[in-house]
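S.K.: Sequence:
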Amino acid sequence: IPAGFASKPSAWCASRTAEYFDLNIELTADSGAMLINLDADGGETIQHMVQGAYLGIFTSGGEYHVSDRALKRNTAPNVVRSTTNGSSERVPPIVQESSLLYVSREETVVYSATYDAVLTSFQSAPLSILSSHLIEGICGADLQVSHRATDAQRYFLPRDDGKLIVACLIRNQDVQPFVRWETDGVVRAVCVDGANRPHLLVDRLVGGVTHRFLEIMEEGLLLDAAVTVTLSPASTVVAGLGIHEGATVWADVDGWIDGPFTVTGGQIVLPDAGSTVTVGRWTAPLVETLPLVRDMGGRQVLKRPCRVHTVQLDVIDTTSIAIGANAETPRDHPLARFGDPVDTPISGWTGEVLVTGLTGFTVEGQVVITQTRPGRLQVRDITIQARV
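Numbering (my numbering), first residue to last: 124 to 511.
No lab work stands behind these hints: they were computed from the structure. Hints may be right or wrong, so weigh each one.
Derived CB-CB ranges, DEER-like [claimed, not checked]:
#1 Pro300 <-> Ala141: 30 to 36 angstroms
#2 Gln501 <-> Asp377: 20 to 26 angstroms
#3 Ile505 <-> Asp377: 19 to 25 angstroms
20 angstroms max Cα-Cα, derived SDA-like pairs, lysine to any residue [what the hints assert, rightly or not]:
#4 Lys195 <-> Met157
#5 Lys131 <-> Gly166
#6 Lys195 <-> Arg139
#7 Lys195 <-> Glu259
#8 Lys286 <-> Cys262
#9 Lys195 <-> Thr207
#10 Lys286 <-> Thr243
#11 Lys195 <-> Cys262
Yeah, the Cβ is synthetic: ideal placement off N, Cα and C, and Gly gets one too.
Starting from the given sequences, assemble the full structure and let the hints guide the process.
M.R.: Listed below in structure tokens is the structure:
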């Protein structure tokens with residue numbers, strides 16, 4: 124539906140019934156095309172039109188919906204104003220289950236508009252109120268629905284500064300965390316295709332010059348901008364890595380992780396020969412727990428330094444994990460067990476990871492979970508023991 128015309132910024136047009144490209148508004152039959160001017164206060168401009176439970180109209184000054192199930196040329200549609208938040212011109216609203224997700228006109232708040240049958244109107248609630256430090260300068264949006272790799276829906280929000288913000292949404296359980304996904308580059312745009320695969324437009328440095336790449340997000344792939352090379356016979360020299368010239372990369376060599384390497388002349392030299400080698404850039408994940416609760420009751424708060432001495436984690440199919448606390452540098456925790464074969468790559472560990480003897484003192488008592496080398500990482504829960 125075309126809308127927000129230069130001469131009529133608050134007007135929208137509907138085509139003739141079953142003729143999507145016929146916008147001749149001079150036809151007077153009920154099935155004819157129509158030009159409808161939004162009865163809005165001030166100089167509002169229609170930014171987006173979205174087909175959800177009802178036809179949604181998002182303007183620079185508010186949100187509306189058309190309550191009519193059918194539009195007729197000679198009957199004025201019933202346009203209902205829901206909120207006065209206003210939406211971003213650059214970021215399209217997304218249909219997510221029974222809600223509409225949209226970004227405010229200042230591009231600093233993510234709202235969820237849900238239809239309320241009692242009030243017969245859409246009610247908007249801020250989703251990013253606890254993550255306001257991440258939502259700033261949003262320049263696009265798209266949604267990946269749940270699939271076999273995750274139960275959550277992923278709401279991708281690239282920013283002007285090239286950072287990618289992702290909201291993992293399980294709405295019926297009120298799970299809606301916003302996190303920052305980083306890569307060795309600048310993310311310019313994100314879209315999800317009809318096969319539910321996210322595509323990213325990323326600027327990366329190649330030999331000191333910025334190049335733009337269209338990349339597909341692949342589940343289970345540990346490296347970014349990955350290049351897979353088959354060597355026959357097995358060799359230590361891996362060529363054909365021109366897109367990583369001058370960059371620091373890691374290599375998955377027949378299941379073993381080697382690195383880091385610096386690509387020179389479009390190639391790297393492995394310490395041991397390999398047959399199937401996947402080379403790419405890598406950014407370590409980083410999770411930092413909240414400060415320990417120091418409320419002693421009776422309006423008393425204990426603020427003296429404390430020491431986290433033990434961290435217990437429950438992990439799933441994890442091959443690499445590093446843990447640190449008390450502002451000390453995180454250290455890689457070995458996951459191999461007695462009796463594991465030494466001539467094959469480490470298999471994922473599922474179970475308890477216990478780290479004791481942590482040193483140092485801080486007031487906050489925070490724990491850092493990260494990695495020092497690429498690998499699978501999934502933490503189900505964490506228990507912190509501290510001396511306060």
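S.K.: Determine for every hint whether it applies to the structure shown.
M.R.: Cross-check of the supplied hints:
no., hint, verdict
1, Pro300 <-> Ala141: 30 to 36 angstroms, "44 angstroms, violated"
2, Gln501 <-> Asp377: 20 to 26 angstroms, "23 angstroms, holds"
3, Ile505 <-> Asp377: 19 to 25 angstroms, "33 angstroms, violated"
4, Lys195 <-> Met157, "8 angstroms, holds"
5, Lys131 <-> Gly166, "10 angstroms, holds"
6, Lys195 <-> Arg139, "10 angstroms, holds"
7, Lys195 <-> Glu259, "41 angstroms, violated"
8, Lys286 <-> Cys262, "11 angstroms, holds"
9, Lys195 <-> Thr207, "27 angstroms, violated"
10, Lys286 <-> Thr243, "38 angstroms, violated"
11, Lys195 <-> Cys262, "36 angstroms, violated"
Going down the numbered hints, you'll see the structure goes against 1, 3, 7, 9, 10, 11, while the others check out.
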